[in-house]
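If you read the protein sequences in the order shown, they are chains A and B. If you read the first sequence in our numbering, its first letter stands for residue 1, the second for the next number, and so on. If you read the second sequence in our numbering, its first letter stands for residue 1, the second for the next number, and so on.
What the hints contain is simulated information worked out from the structure, not anything from laboratory work. Glycine residues also receive a C-beta, built at the ideal position from the N, C-alpha and C atoms. Where hints are given, some of them may not hold.
[Said to hold, decoys possible] Only part of the chain B face toward chain A is listed, based on derived beta-carbon distances under 10 angstroms:
(1) A37
(2) S41
(3) H55
(4) H56
(5) G58
(6) H68
(7) F69
(8) L88
(9) A95
(10) P99
(11) R106
(12) R112
[Stated by the list, open to error] Some chain A residues flagged as far from chain B (calculated, every beta-carbon gap over 10 angstroms):
(13) R21
(14) L45
(15) W55
(16) T107
(17) L117
(18) L120
(19) A150
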Amino acid sequence: MARVRWVFLAYRLPRDPSGPRVALWRKLRRLGAVQVLDGLVALPLDARTKEQLEWLAEEVGEAGGDCSIWLAEAATAAEERALAERMAAAIAEEYRSLLNEARAATTEPTAQRRRVLRRLRRELRSIRSRDFFPPPEAEQAGQAMDALAAGLEAVAS
Amino acid sequence: MKWATRTGCHVDRAACAWLIRRHHDPAAEFLFVDDPAEVPSDATPFDMRGVELGHHGGDCTFETMLRHFRVDDPVLWDLARLVHEADLADERYDAPEAPGLDVICRGLSMVRDDLAVLAVTAELFDGLYEYRRRALLLGRDPA
Numbered sequence: 001m002a003r004v005r006w007v008f009l010a011y012r013l014p015r016d017p018s019g020p021r022v023a024l025w026r027k028l029r030r031l032g033a034v035q036v037l038d039g040l041v042a043l044p045l046d047a048r049t050k051e052q053l054e055w056l057a058e059e060v061g062e063a064g065g066d067c068s069i070w071l072a073e074a075a076t077a078a079e080e081r082a083l084a085e086r087m088a089a090a091i092a093e094e095y096r097s098l099l100n101e102a103r104a105a106t107t108e109p110t111a112q113r114r115r116v117l118r119r120l121r122r123e124l125r126s127i128r129s130r131d132f133f134p135p136p137e138a139e140q141a142g143q144a145m146d147a148l149a150a151g152l153e154a155v156a157s
Numbered sequence: 001m002k003w004a005t006r007t008g009c010h011v012d013r014a015a016c017a018w019l020i021r022r023h024h025d026p027a028a029e030f031l032f033v034d035d036p037a038e039v040p041s042d043a044t045p046f047d048m049r050g051v052e053l054g055h056h057g058g059d060c061t062f063e064t065m066l067r068h069f070r071v072d073d074p075v076l077w078d079l080a081r082l083v084h085e086a087d088l089a090d091e092r093y094d095a096p097e098a099p100g101l102d103v104i105c106r107g108l109s110m111v112r113d114d115l116a117v118l119a120v121t122a123e124l125f126d127g128l129y130e131y132r133r134r135a136l137l138l139g140r141d142p143a
């Protein structure tokens, strides 16, 4: 089986001020990047992920840090799997917390349920945008949204 | 003038090319490269790593360009919020149209080459500009 191609960002940022470090960490998290080691993060390679890491590299440079971007593949299938599994586990956790909120909302009054549905759908879109190895929880989360929406329709009719 | 950017144009580069032609250089000629080192010496690079007209301080290139050209048209700054969110989705702005614009541009670049993408998106941005212009004048979404 063909190996996944990855884009790596290797970076080092000054410890002070902490602002740029925190901002970078937040942005990496939103992209779904996996931390390989301290100062080394990876994403599966596509036109979007490469570009996004390139712009973060610019920010590292502007904050007085050093960085470089590499395209690579794991030397063994086991190493590749380990990285992919860590990403899937992290994203599964996000889906699970969404699922729990969706289930908890089914007993709420209609107006509250409608608000929760709107917020959870937005969150689901955001999680999906950084999900590269969809776990089973991905589909369950989608179904939970549909169930919540169907419940509201039943009330309306 | 010649302007160079990366191949595989997405929303930010498309919006920049439209802005360049509309407000700065109507006769602009665009070329596309895979590596910053391939930019010819007589071309101005944009939306690439390490160039002045790129992302800076969390801004996308369209925002950098508006600043660079000292554009104060409020409609263009309004469009910049949309381009920023379609490109970066970092939730700095509330731009509900952004995910749709992102998908439209991605889909276009799957079926058209870069020059054709710029041609189609130029029409799209003309329309978006007019829509947002009317919205700003009316203080609500135009019919």
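Open item on the list: So L120/A supposedly isn't at the interface. Is its beta-carbon more than 10 angstroms from every beta-carbon in chain B?
Closed with: holds (16 angstroms)
TODO: Mind checking the CB of H56/B against every CB in chain A and telling me if the closest is under 10 angstroms?
DONE: holds (7 angstroms)
Open item on the list: Using the nearest Cβ pair, does R112/B come within less than 10 angstroms of chain A?
Closed with: Result: violated, 15 angstroms to nearest chain A Cβ.
TODO: Classify the label on A150/A as holds or violated, using whether its beta-carbon is more than 10 angstroms from each beta-carbon of chain B.
DONE: At about 23 angstroms from chain B, A150/A clears the 10 angstroms cut-off, so the statement holds.
TODO: Using 10 angstroms as the Cβ threshold, decide whether R106/B counts as touching chain A.
DONE: holds (8 angstroms)
- [ ] Using 10 angstroms as the Cβ threshold, decide whether F69/B counts as touching chain A.
- [x] violated (20 angstroms)
- [ ] With a cut-off of 10 angstroms on the beta carbons, see whether A95/B makes it to chain A.
- [x] violated (13 angstroms)
Open item on the list: Confirm or reject: T107/A is not an interface residue toward chain B, with every Cβ-Cβ distance exceeding 10 angstroms.
Closed with: Nearest chain B Cβ is 29 angstroms from T107/A, so the label holds.
Task: Verdict on L45/A as a residue remote from chain B, using beta-carbon distances over 10 angstroms - done: holds (13 angstroms)
Task: Minimum Cβ distance from L117/A to chain B greater than 10 angstroms, as the annotation requires - done: holds (16 angstroms)
Task: Hint status (Cβ of H68/B to nearest Cβ of chain A, threshold 10 angstroms) - done: violated (16 angstroms)
Open item on the list: A cut-off of 10 angstroms on Cβ-Cβ distance, and R21/A was said to be off the interface with chain B. Does that hold?
Closed with: Holds, because the least Cβ-Cβ distance between R21/A and chain B comes to about 14 angstroms, which exceeds 10 angstroms.
Checked against the numbered hints given earlier, the structure breaks hints 1, 2, 6, 7, 9, 12 and 15 and satisfies all the rest.
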